[in-house]
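With the hints as extra help, turn the sequences into a complete structure.
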Amino acid sequence: MTRRVALIALFVSIAAIALGYGAAFTRSGTPQWAPWMLALGIPVAIGAIMILGAVRANRGIGALKYPFALVIMILVIGFGAALALPSTDGPLSRLWLGLPARAAIVIYGVGLLPIIILPVAYAMTFEEMTLSAEDLERVRAIARENELAE
Amino acid sequence: MIAVGLLYFAVIIGISVWAARRTRTANDFFVAGKGIGLVALTVASVSVSVSGFAFIGGPGLIYAVGLGAMYIVLPAAVTNVMGAWVLAKRMRLLAEARRLITIPDAIGARYKSRAAQGLSAVAILVGIVGYMATNALAMGVVINAIFGVGLGWGIWIGMGVTLAYSASGGILAGIYNDVFQGTLMAVASVLVFLFVLGFGGGLGGISHTILLHDPTFLGPWGRLTPLAALSFFFVFSMGSLGQPQAVHKYYMLRDPLQLKWYPLLKTLGLILVLLLYFSVGVGVKAFVLDGRLAPLASPDQATPTLLLNVTPIFLAALVFSGVAAATMSAANSFMNIGAAIFTHDLPVALGRKVGNELKWGRIATVLIAVAAAVTAQRSGTMVAFLGIFGWGLFASTLVPALAVGLNWQGATRAGAIASIATGLIITLALETAAYWKVFTFPAGVTASAVAMVSSFLVFFVVSWLTRESAAKAIDPDIQLVMEI
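Protein chains in written order, with the working numbering: chain A, 446 to 595; chain B, 173 to 656.
Hints in this document: simulated from the structure, not taken from any laboratory.
Don't take each hint at face value.
Chain A stretches covered by chain B per the calculated footprint, using a threshold of three residues with CB under 8 Å from any CB of chain B [stated by the list, open to error]: (1) 463-477; (2) 550-562.
A few chain B residues that face chain A, going by a derived Cβ cut-off under 8 Å, partial list only [as the list claims (entries may be wrong)]: (3) V258; (4) G374; (5) S403; (6) L429; (7) V617; (8) F632; (9) K644; (10) V653.
Using C-beta positions, here's what the derived DEER-type ranges look like [to be verified]: (11) B:R464 <-> A:P536: 15 to 25 Å; (12) B:G370 <-> A:M446: 50 to 60 Å; (13) A:A546 <-> B:K284: 51 to 61 Å; (14) A:M446 <-> B:A605: 37 to 47 Å; (15) A:R583 <-> B:L480: 50 to 60 Å; (16) B:F319 <-> A:R583: 50 to 60 Å; (17) A:I453 <-> B:K284: 25 to 35 Å.
C-beta atoms are modelled at their ideal positions from N, C-alpha and C, and glycine is treated no differently.
In structure tokens form, the structure reads like this:
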């Protein structure tokens with residue numbers, strides 16, 4: 446079920462991105478909604494393909510659903526804020542960690558926050574969700590069988 | 173500067189001699205025999221993921237278009253862990269199950285198809301031509317800057333040194349040279365970052381200067397359209413799953429259980445190396461705006477201008493060595509992958525076997541290096557064009573068939589072949605049309621993006637249409653690897 450949902454989400458998000466690109470070819474120029482297709486489609490595509498990679502056989506993704514949901518949300522909010530917030534940057538703008546607000550949201554939010562979440566989630570769930578010594582032994586056993594058969 | 177350059181080449185030669193003595197079989201040559209430890213593999217992988225673009229072209233692009241150029245490197249926050257979940261475990265387990273050594277091997281085994289293996293090998297080979305020639309040219313520029321030997325000799329000296337260690341020590345020499353080169357890049361990048369912040373009065377001081385003169389530069393898209401910036405993010409995030417120089421490394425980790433820490437370490441390493449990309453781009457812009465540097469003749473002069481006019485000479489020499497390191501490690505990795513295609517993948521696809529893969533691997537490495545150097549010397553602006561489509565070609569031909577295909581048993585052989593062919597044909601056709609100005613894309617749309625989206629959709633649709641053949645076309649050992 447999880448795998449199927451991830452596959453459908455991946456297909457729909459890629460189709461949305463295609464629609465965004467397709468809209469740019471219209472004679473009146475790129476419509477305002479076209480970048481929104483990418484702003485929504487890219488986070489969903491990234492989340493979907495990570496879920497597809499994380500899901501094992503017919504099991505779900507367990508606790509990984511939280512970091513995945515959080516990162517998809519961070520990317521959507523980051524891209525969405527950059528698209529939606531008005532442009533008021535100037536010499537008197539307040540700086541956030543050295544950058545104007547919209548740039549800070551993109552650089553620190555989209556570019557740095559996922560680093561704190563995803564690789565740590567990967568390491569913390571590695572034996573349970575990704576690869577255990579037993580899994581490895583199963584593959585090595587079938588490899589030995591293959592070698593004997595040859 | 174010359175002394176640091178000579179010292180750099182001396183270390184490379186020392187590592188290569190050591191590695192050559194340990195390379196005895198084709199397995200040693202192509203996938204480092206019994207494998208590489210976690211830290212060495214991580215640093216090497218960072219090294220090959222960053223080409224000369226991150227040190228020269230990237231900062232120049234930020235200088236020209238502002239923060240919009242950051243969308244090329246922002247995906248680094250997710251790409252390594254995405255690669256770990258989607259590909260690393262399955263590729264590494266395929267090496268355990270089948271002793272596979274190349275990416276087309278994995279595609280061939282997954283779909284039980286020599287056609288898919290051969291077609292993916294051809295696609296990789298075409299992309300390698302672009303990458304190799306671009307890196308050869310970048311090497312020539314850097315060596316000429318250090319030693320003043322002229323661009324032509326710079327290309328041949330750079331390729332000669334890279335060739336010497338690639339052909340003698342294979343991937344083992346490449347990996348340990350990458351470790352040295354990756355460390356050098358990280359040190360150079362952090363030092364330049366700290367220097368620029370100090371010189372500019374902190375990031376706040378740099379931002380204040382830019383906002384005073386050119387606020388659009390620090391807008392979330394810079395001078396790009398939102399569609400163009402997001403398009404960069406799409407191509408460089410999803411496309412990372414098809415980059416052979418990074419994906420190939422998954423085969424080489426000595427203990428598969430060490431994958432646990434691989435994405436965290438690699439992401440941190442990449443962030444360190446990319447500090448220069450950001451800091452030089454925005455720093456030089458601020459220094460030009462406040463009159464401390466003269467306006468640049470071209471955006472690509474951002475890094476050289478900063479190094480030659482502002483930073484201490486030792487730091488300049490370190491960064492130039494870092495650029496040489498970035499181009500050499502990328503070139504070495506592609507030489508190795510290209511040699512494996514000639515001696516392993518194409519013969520397998522044609523139903524033949526090469527007798528002595530180690531010997532022919534070394535010969536193929538020499539031929540690829542010479543071809544790249546000649547292409548770099550003769551092609552002029554064509555080289556830049558080839559380099560641009562290299563990344564897009566890998567992405568559009570390999571991501572659906574490899575990254576989705578290894579995680580979805582419903583993917584079919586027909587879907588994989590159609591997807592690889594679509595990516596190859598669309599990328600070549602659109603990039604060629606754009607290069608010859610037969611066709612102009614709307615702002616924000618690129619050939620790479622169109623090809624990758626098309627390749628994905630074709631992969632899904634054809635796999636769905638031929639779905640009855642899906643499950644029975646997977647061998648039991650491959651099925652186990654896909655289910656774990």
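Status of the hints after comparison with the structure:
1. 463-477: With 7 residues closer than 8 Å to chain B, the segment 463-477 of chain A meets the three-residue bar; holds.
2. 550-562: Check passed, 9 qualifying residues.
3. V258: Holds. Min distance 3 Å.
4. G374: holds, 6 Å
5. S403: holds, 7 Å
6. L429: holds, 6 Å
7. V617: Holds: closest Cβ of chain A sits about 5 Å from B:V617, inside 8 Å.
8. F632: holds, 5 Å
9. K644: violated, 18 Å
10. V653: With a minimum Cβ separation of about 6 Å from chain A (threshold 8 Å), the hint on B:V653 holds.
11. B:R464 <-> A:P536: 15 to 25 Å: holds, 18 Å
12. B:G370 <-> A:M446: 50 to 60 Å: holds, 55 Å
13. A:A546 <-> B:K284: 51 to 61 Å: Cβ of A:A546 to Cβ of B:K284: about 54 Å, so the range 51 to 61 Å holds.
14. A:M446 <-> B:A605: 37 to 47 Å: Holds, at about 43 Å.
15. A:R583 <-> B:L480: 50 to 60 Å: Cβ of A:R583 to Cβ of B:L480: about 58 Å, so the range 50 to 60 Å holds.
16. B:F319 <-> A:R583: 50 to 60 Å: holds, 55 Å
17. A:I453 <-> B:K284: 25 to 35 Å: Given about 26 Å between the Cβ atoms, the range holds.
In summary, the one numbered hint that this structure violates is 9.
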